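Participant: Listed below are the residues making up each chain.
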Amino acid sequence: MDDSSPKRYGRGLFLATLFGGLTSIAWGRPVWNRFSGTLSGIESLVPLVPHGWRIYSVADHMPTFDPATWRLSIDGLVQQRLSLSYDELRALPQAHQVTDFHCVTGWTVRNVHWRGVRLDEIFARARPLPEAHALQFVSAEVPYIDYLTVQQSQLSEVMLAYEMDGKPLSRDHGAPLRLVIPEMYGYKGVKWLERINLVPQAGDGYWEQLGYDRDAWVGHSNGYGA
Amino acid sequence: MKFVRRFSRTERTLHWVNATGFLLLLATGLILYLPRLSVLVGRRPLIKDIHFWGGIGWIAAVALVILLGDRRGILRTARDLEVLRPSRFNVGQKVNAILNAAFALLFLVTGLLLWLGERDTRFRFTSTVLVHDILLYAATGLLVGHLYLAVIHPATRHSLRGMTRGTVREDWAEEHYPRWAPPPAD
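Protein chains in written order, with my numbering: chain X, 1 to 226; chain Y, 1 to 186.
Chain Y on its own, in the form it takes in the complex (with noise of 0.2 Å):
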């Protein structure tokens, strides 16, 4: 069976950390919002800190990935998002990428407002809490999307060969992304 290279060291790398500090988010941060996790947990104060001190090592980690690995890989990649068409990646998953992106972004700038907000009354706006919590929703929601096809759906989730390894099948990415010239896996 020939394979070919999907995804980069640094894509990769970048991946699994942008998922890994996903995950400890959203794990700390539905303790901290669900009332029947907070009562089963307790803890509060340890929590918050974890979730705040989690949220700036999750955002300084991908940029320490991205600074320290193939920035021009990335770089490219990157360019290629902006584009909508199918490429390397089909629609839905630059759409994904996007989005992931900017809530990124959004998380960080609206929580670092909720941590300042506590401590300063010039930080503080009603609709804060709001926004971090649709964010929340929304960012499940493309979570949840992409584990299905990531994980589960039997047409697709050859793909998490191309995030663990590096590569997948030749025949695969033809018939998945026809206007893909892979290079091939060395």
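Just chain X, same shape as in the assembly (with noise of 0.2 Å):
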């Protein structure tokens, strides 16, 4: 090519980018969790968000923690209904510990640590009747809603945490209470928990009635690994 008709580098430089961009939506996250040892190490080089959480609400306020008026109320197919004070919470046996936090939209958080109480607690006091198959979890976030089935809130890591990484819950992770199921989706582990409902049967969770699945497993749901 002589100088009358000087290549377009630009034109390839355009295209290049927009083919890279592109296609890394399809090899993006790959890479980037090969390079993670590094990479993480630039992520943490930005305080803006820590450890790479992404915060979602669905309302217009995040609900507000107030020690002396918050409790957990425990009722539906109950013997005894509870009604838990923050300290009474805390006075309960504690369990602790370090798992991975994947939401849907792709990000993940490894080695959180997450310390709080077991399920089987609320339920030695609790006392579920027979017919109740499912936990209706509430949050102060109105209408975020969700649930599971006795079943699954009965996995090894499943808890009800109020401190994460060594600090109490803060406002925008669901100040002072909430659900923390490792093997699931993060959508599933309902922020600003405050009541917990023993219902006959497990139904659709704010995200499920936009299409989400109910049971969201790690890998092998909502249209991955599928």
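Note that these hints are calculated values from the structure, not bench results. Treat the numbers as computed from the prediction; the structure is a model and nothing was measured. Fair warning: there could be bad hints in the mix.
[Claimed, not checked] Residues on chain X that point at chain Y, a partial pick, calculated with CB under 10 Å:
| hint | residue |
| --- | --- |
| 1 | G12 |
| 2 | W27 |
| 3 | L129 |
| 4 | N222 |
We treat Cβ as the ideally placed atom computed from N, Cα and C, and that holds for glycine.
Assembling the complex is the task here: the two chains are given apart, and the hints tell you how they should meet.
Facilitator: What follows is the structure, given as structure tokens:
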């Protein structure tokens, strides 16, 4: 090519950027994870997004936590209704776990330290009736709810968590109490939890009413790993 | 002092429509993305709607300016940008414009996929949100450099006049764009 028809490297740059960007929708995450050692170092240099958490909420305002008035109610198909204050909840036998948190939109936070209470402690005190086969978790963030079957609630790492990474749960993470289910995507883990209602069977939670899967197994639901 | 014409009315409208749309999306996007801002502002459903429809409006407005404006002039400018040699623009400006155009389309595609994926699992991919985020960092990086050169750096900030009033000083143009033969200001 002579000087009168100069090479159009600009067009090449435009097309290459487009091509790289579009195909990275297929290869971006695997490559990112492959180099996550170095890249998570870079991520931690961005203190604006701590540990890569994104904060999702569905109402106009996040609920605020007042220790003086806050209660966790356990009711529905139980022999003994409970209304626990924050101090009473903290006085129950504690559990601790380090688990990964997966969001259905594709991001993951590794090695989250959770402290809280197992549902067994709640069951031992409320004593669900035999016809109770599911739990409805109700958030103070109206109208967010979700369900687990009693069987799912018995998975070993399901927790009602009030501490994350050594600190009381912050407002954006659902203070003072959230549900944690490491084997399921995060939308099942109701934040700002204030009521557990024992019901005959599981229904559709907030996102399930919008088409998400009721059984949100990580890697095997919501169109992944089908 | 003698002035020469730097940017046409269509080019200036295009630039400011693009800038307004980008800044609206940057602001609403940061509210959605940064936990501290999310807590402070709240109203996530509303911010999400503004971000999504703002994005559609941004691309539509840019397309409309080109369609209704001086299409031939825009095409001429685009042809000039394709050749990475100093002319009416230097190579850095050309690369900036090319990357911004590509990023806008990638923002649009990944944004649409995020919106659709919330409604239908067939459009859900684990990398979409990551690509949208990386675009944010890359585009913001370009914006910071662009703002520094256009507003702060003493030797280059006269160029802002070209984008506001359409003209720049002739001696300044000769110094910064020796390979450009500018049309005189009318």
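Participant: The hint names W27 (chain X) as touching chain Y; please verify it with the least Cβ-Cβ distance against 10 Å.
Facilitator: holds, 7 Å
Participant: Hint N222 (chain X) vs chain Y: min CB-CB distance below 10 Å?
Facilitator: holds, 5 Å
Participant: Would you settle whether the hint for L129 (chain X) is holds or violated, based on the nearest Cβ-Cβ distance to chain Y being less than 10 Å?
Facilitator: violated, 36 Å
Participant: Does G12 (chain X) hold up as a contact with chain Y if the rule is Cβ-Cβ below 10 Å?
Facilitator: Check passed: Cβ of G12 (chain X) comes within 9 Å of chain Y, closer than 10 Å.
Checked against the numbered hints above, the structure violates only hint 3.
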